[in-house]
Amino acid sequence: MDALKQELKENIIEQLNLEDMTTEDIANDDMLFGDGLGLDSIDALELIVMLDKSYGIKLTDPKEGRSIFESINTMAAYITEHRSK
Amino acid sequence: MNTNYHIKSFCSIKNNQVSLNGSVVYKDEENSFSQFIKAAYKQQNSKYPKFFKMDNLSKLAFLAADILLKNENLSKEKENNIAIVFSNKSSSLDTDRKHQESIQNKESYFPSPAVFVYTLPNICIGEISIKYKLYSENSFFIFDSFNATHLLTYTNSLLSSNKANQVLCGWVEFDDENNYQAFLYLVSTKGTTKHNKQDIIKLYNT
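One line per chain: the protein sequences are A and B, in this order. Going by this note's numbering, 47 is the number at position 47 of the first sequence; the sequence numbering is gapless. In this note's numbering, each number is its position in the second sequence, counted from 1, plus 1000.
Quick caveat, the hints were computed from the structure, so don't treat them as lab data. Any given hint could turn out to be false.
Unchecked claim - To spell it out: a stretch of chain A is covered by chain B in this simulated footprint if at least three of its residues, at any positions, have a beta carbon under 8 Å from a beta carbon of chain B; those stretches are:
{"id": "1", "stretch": "17-31"}
{"id": "2", "stretch": "48-58"}
Unchecked claim - EDC-like cross-link-like pairs, simulated, lysine to aspartate or glutamate; straight-line CA separation at most 16 Å:
{"id": "3", "chain 1": "A", "residue 1": "K53", "chain 2": "B", "residue 2": "D1176"}
{"id": "4", "chain 1": "B", "residue 1": "K1053", "chain 2": "A", "residue 2": "D40"}
{"id": "5", "chain 1": "B", "residue 1": "K1163", "chain 2": "B", "residue 2": "E1079"}
{"id": "6", "chain 1": "B", "residue 1": "K1038", "chain 2": "A", "residue 2": "D20"}
{"id": "7", "chain 1": "B", "residue 1": "K1038", "chain 2": "A", "residue 2": "E19"}
{"id": "8", "chain 1": "B", "residue 1": "K1053", "chain 2": "A", "residue 2": "E14"}
{"id": "9", "chain 1": "B", "residue 1": "K1042", "chain 2": "A", "residue 2": "D52"}
{"id": "10", "chain 1": "B", "residue 1": "K1131", "chain 2": "B", "residue 2": "D1176"}
{"id": "11", "chain 1": "B", "residue 1": "K1098", "chain 2": "B", "residue 2": "D1176"}
{"id": "12", "chain 1": "B", "residue 1": "K1106", "chain 2": "A", "residue 2": "D52"}
{"id": "13", "chain 1": "B", "residue 1": "K1050", "chain 2": "A", "residue 2": "D52"}
{"id": "14", "chain 1": "B", "residue 1": "K1053", "chain 2": "A", "residue 2": "D20"}
As the structure is a computational prediction, the values presented were derived from the model and not from experiment. Built from N, CA and C at the ideal position, the CB exists for glycine as well.
With the hints as constraints, model all of the structure from the sequences given.
Written out as structure tokens, the structure is:
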């Protein structure tokens, strides 16, 4: 699980072009949206694509993303349970 | 129509060089456009993290506009009545190509929402407007080449009809990393350079 969390941080920084950020700057329980990393709605769509492309998870209802993308911890838990690759 | 308008300031970015009012403020001839524009942004101390998420055309337009507008002491709270009139030849073609590549293979079909949102040239106007709270008139025209006459006429019309107090206008073109140029200038009642076709063309060619 720790390796997955590290991988997620690296992917998020790269995919979302968080240029001034390193993996050390993201705590596992940091809020990804709002006051945390400050991601926006386009970032949310990118994360949905990332789940599909990297882990074979298709989110049919974007509203599901709200709880899944709450933090690195919630993302890692969801991916571990639902991944097909 | 009042034509007593002036070019208050102008910024040019081409050949990995940034100039403000004719003076070079940043140069980096060694690196690719991506590295150059990032280094120029950092050197200008623009501090706007969303810059890194923009496409190449928006980065080019944003940096040139930022260099001009940050000297204007604009209000961060209230609306600033500056219109934007941009133009280019290649529209958003550079980003259009990237999007097209991502949907080319039906077996690996992962279009990026962050790329797709930039598949219109006027998105770069939105990026500038968001940072500087500009809610005024804006237009993006596509021409075969730089069209000083059209920019002059359109800008004078916006100013004389009181649609805007100032107009940020010019040419922002990005076809690929070796073929790009930004030439933006701010037109108002202040300044020393006359706002006429000859002077616009002269500054464009400097």
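Quick rundown of the hints versus the structure:
With a cut-off of 8 Å between beta carbons, the stretch 17-31 of chain A has 4 residues touching chain B; three or more are needed, and the interface restraint holds. Only when three residues or more bring their CB closer than 8 Å to a CB of chain B does the claim for the stretch 48-58 of chain A stand; here the count is 3, and the claim holds. Distance check on the hinted pair: K53(A) and D1176(B) sit about 27 Å apart at the alpha-carbon level, beyond 16 Å; violated. Note on K1053(B) and D40(A): the hinted pairing holds, with a Cα-Cα distance of about 11 Å set against a maximum of 16 Å.
Our distance criterion of 16 Å between C-alpha atoms is met by K1163(B) and E1079(B), whose separation comes to about 14 Å. A threshold of 16 Å between alpha carbons decides the hint, and for K1038(B) with D20(A) the separation of about 12 Å falls inside it, so the pair holds. At roughly 10 Å between alpha-carbon atoms, K1038(B) and E19(A) fall within 16 Å of each other, so this suggested pair holds. For a cut-off of 16 Å, the pair hint linking K1053(B) to E14(A) stands: about 11 Å separates their Cα positions.
For the given pair, K1042(B) sits about 34 Å from D52(A) by alpha-carbon distance, which is inconsistent with the 16 Å threshold. Distance check on the hinted pair: K1131(B) and D1176(B) sit about 26 Å apart at the alpha-carbon level, beyond 16 Å; violated. This hinted pair checks out: K1098(B) and D1176(B) have alpha carbons roughly 11 Å apart, not beyond 16 Å. Under the criterion of a C-alpha separation no larger than 16 Å, the hint pairing K1106(B) with D52(A) is consistent with the structure, at around 14 Å.
A distance of roughly 25 Å separates the Cα atoms of K1050(B) and D52(A); the hinted pair therefore is violated under the 16 Å criterion. With a CA separation close to 12 Å, the supplied pair K1053(B) and D20(A) stays within the 16 Å bound.
Consistency with the previously given hints fails for numbers 3, 9, 10 and 13, ordered from lowest to highest.
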